[in-house]
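So the sequence lines, in the order shown, correspond to chains A and B. Here the first sequence is numbered in our numbering, starting from 11 and rising by one per residue. Here the second sequence is numbered in our numbering, starting from 19 and rising by one per residue.
Since the hints were derived computationally from the structure, they do not count as laboratory data. Take these hints with a grain of salt, some might be off.
Here are a few chain A residues that face chain B, going by a calculated C-beta distance under 10 Å [said to hold, decoys possible]:
| id | residue |
| --- | --- |
| 1 | 33 |
| 2 | 55 |
| 3 | 99 |
| 4 | 164 |
| 5 | 166 |
| 6 | 231 |
| 7 | 250 |
Covered stretches of chain A, as calculated for chain B (at least 3 residues, CB under 8 Å) [what the hints assert, rightly or not]:
| id | segment |
| --- | --- |
| 8 | 149 to 163 |
| 9 | 206 to 215 |
All values derive from a computational prediction rather than experimental measurement. Note that the Cβ used here is the ideal one computed from N, Cα and C, for glycine as well.
Spelled out from the first residue to the last, the chains are:
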Amino acid sequence: MGRWAPPIALGVIVAAFLGPFAWVLLASVQPGANLAAEPTWEFSLTNFEAVLTWETTVLPLINSVIISGGTAALTVIVSALAAYPLSRYRLRYKRHFMLTLLFSTGLPVVAILVPVYSMFFRLNLYGSVPAMIVFLSASSLPFAIWLMKNFMDGVPISLEEAAWVDGAGWVQSLTRVVAPLMAPGIAVVGIFVFVGQWGNFFAPLILLDAPEKQPAAMTIFTFFTQYGQVAYGELAAFSIIYTTPAVILYVAVNRYLAGSFNLGGAVKG
Amino acid sequence: MRRWLLPLGPALVLLGLFMVGPILWSVYIAFTNETLTGSASVDSQFIGTANFVRMFGDENFLNSFLLTFVFVIGSAVIGQNTLGLIIALLQRGRSRTTRGVVNGVVIGAWVMPEVVAALCWFSFLSEDGTLNTVLGLEQEWLYTAPMLAVVLANVWRGTAFSMLVYSAALSEVPRDLTEAAAVDGAGARQRLVHVTLPLIRRSILANLMLITLQTLASFGLIYTLTGGGPGNASQTTPLYMYEQAFKYFEIGYGSAIALVLLVIGALFSLVYLRLIRVEE
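Just need the whole structure built from these sequences, with the hints factored in.
Dropping the structure here:
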C-alpha cells in the first residue's frame, strides 16, 4: 500500500458520502428545481420564502418543539429523580435494575408501538399529544437514567454532606447541591433525548390523527408524497430548515457523548 | 416508607405503564383476533396460537423475514461495520483537517432525521438523479433494485456509529504493540489481522449487536424511500407489521409479528449484555 493510498481512499469515501446530499443542498437554492438533478446558474432563496408559511413549516416545527421538548423535559426530571437513589444509596437490586435498563435500550420501540396503539385506542388516548409525550419519555428513560446516573456519580458525595449537616433532605440535596454541579450532564441528557425525538417518524405516524398536531417529520413526508416531484426545491428548503436544529444541538453535545462509544472498555453501571 | 421509593417512583410508574405494560399487553393480544373494524373490534376472542400458525404459513411474512435478514446482514453487519472500521483505520495519523472533513460528512448523514435521509436518497437514485447523471445510466433504481437501494441508503446513514465506536477502540490500542510487530517484520495487513483486530474484538462484537438491533427495527427510511415496494420487494418485517396492524387493522396478527421482533431484539440485547463488562 503506497503512501498516497489512504488519503485517496478517504477522498473517494467523502465524495461518495457527499453524493446523496448534493442535490438536496443545491435544489434548495435553485428556483423551480424538481427531482431531476439539473443544476442551473440561477440561485435565490425563493424556496425558503415559499415554505416559510404557518401551515407548511411554522406550525409543524412548533409541534416538533412541543413533542421533542416536552419529552426531553419530562425525561430529564424523571431520570434525574431516579438517578439520585441509584447513585447515592446502597440498594439491594441496584445492579439488576441497571442491567435491566441497559437490556431494554436494545428492545425495538417500533414493535412496542403496536400494543401501545391498541392500549391508547381503548383508553381514548389515541391522538393525544400529551399521552404520546408520556410514552416517548418512558421509552427514552432507560438510556437517560443510565447516562444521568453516570454524570451524578461524578459529583463527590462530600459536597452533599455539608447540606445534610444543615438538615437538608434528599430533595434539597438534589436540587440545591447535585443538580447545579451536574448542569452540563443534565443538558446533555436533555439534548440527547430532544435530538432523538426530533427525527421520530413512526410514533406520530401511529399515535396522532389530525394534521394540525403533526410534527415536521410527518409533514415533510406528506409534502413529499404530494408535491415531491414538482416542488422538490421547496421540499429541500423545508428539509434543511428542519435538519438544522438537530445538527446544531449534536455539535453542542458531541464532546460529552464521545465516551459512550467506547464499547471495549468497562461500562460503568 | 423506603427512602428510594419516592425518587424512583415516577420512573417505575412510567416504565411499568408504557414499556412493561404494552409488552405484556402484546403477549395477550397476540393470542386474540383483535381488529379495529368488524365484530372482533367490539369483543375480541382468544384464538390460541392461530396467529403464529398463520404467520409461519404466510408467504408475505416469510418474505419479509428473509428481506429483514438481507437488510441486517447487508447494511449493518457487512456495510456499516466494515466501512466504519475502514474509515476509522484510514483516519489514524491523518491531519486534524482531514479527520474533521471526513467526520463532518459521515456524521452529517447520521445526525439528520431519517425522513430527510430518505429524501436525499430518493432524488439521488431517481431517473434523472445524481447517480445516473454521474454514471451515465438510466436506471430506475428504486424499481429495479429496491433492496440494494435501501441497503446502500442505510449504510450511508448508519456508518457513523460504527466509525465512532472503532475510532474510540483504535485509540486505546497501545502503539508499542503494533510497532513491535512491525519490528518483527509483520506487514500492514498482518499487523491488522494478528494484532489490532484481536485487541478490539470486544468492541467489534458489541458494535455488531448494537447495529443489528438498530437495523432490525428500522422503519422510517425504508417506508419513505420505497414504501416496501414495488409490490413487497423491499417490505421488511417492521413494514409488514405496520401494514397488517395499521392498514388492515389486524391488531392481533400485527401484535404477534411485533412479539416475534421483540423476542429477536431481546435475544440480541442479552448477547450484548454478556459481551460488555459492567462495573459497579
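Violations among the numbered hints: 2, 4 and 5
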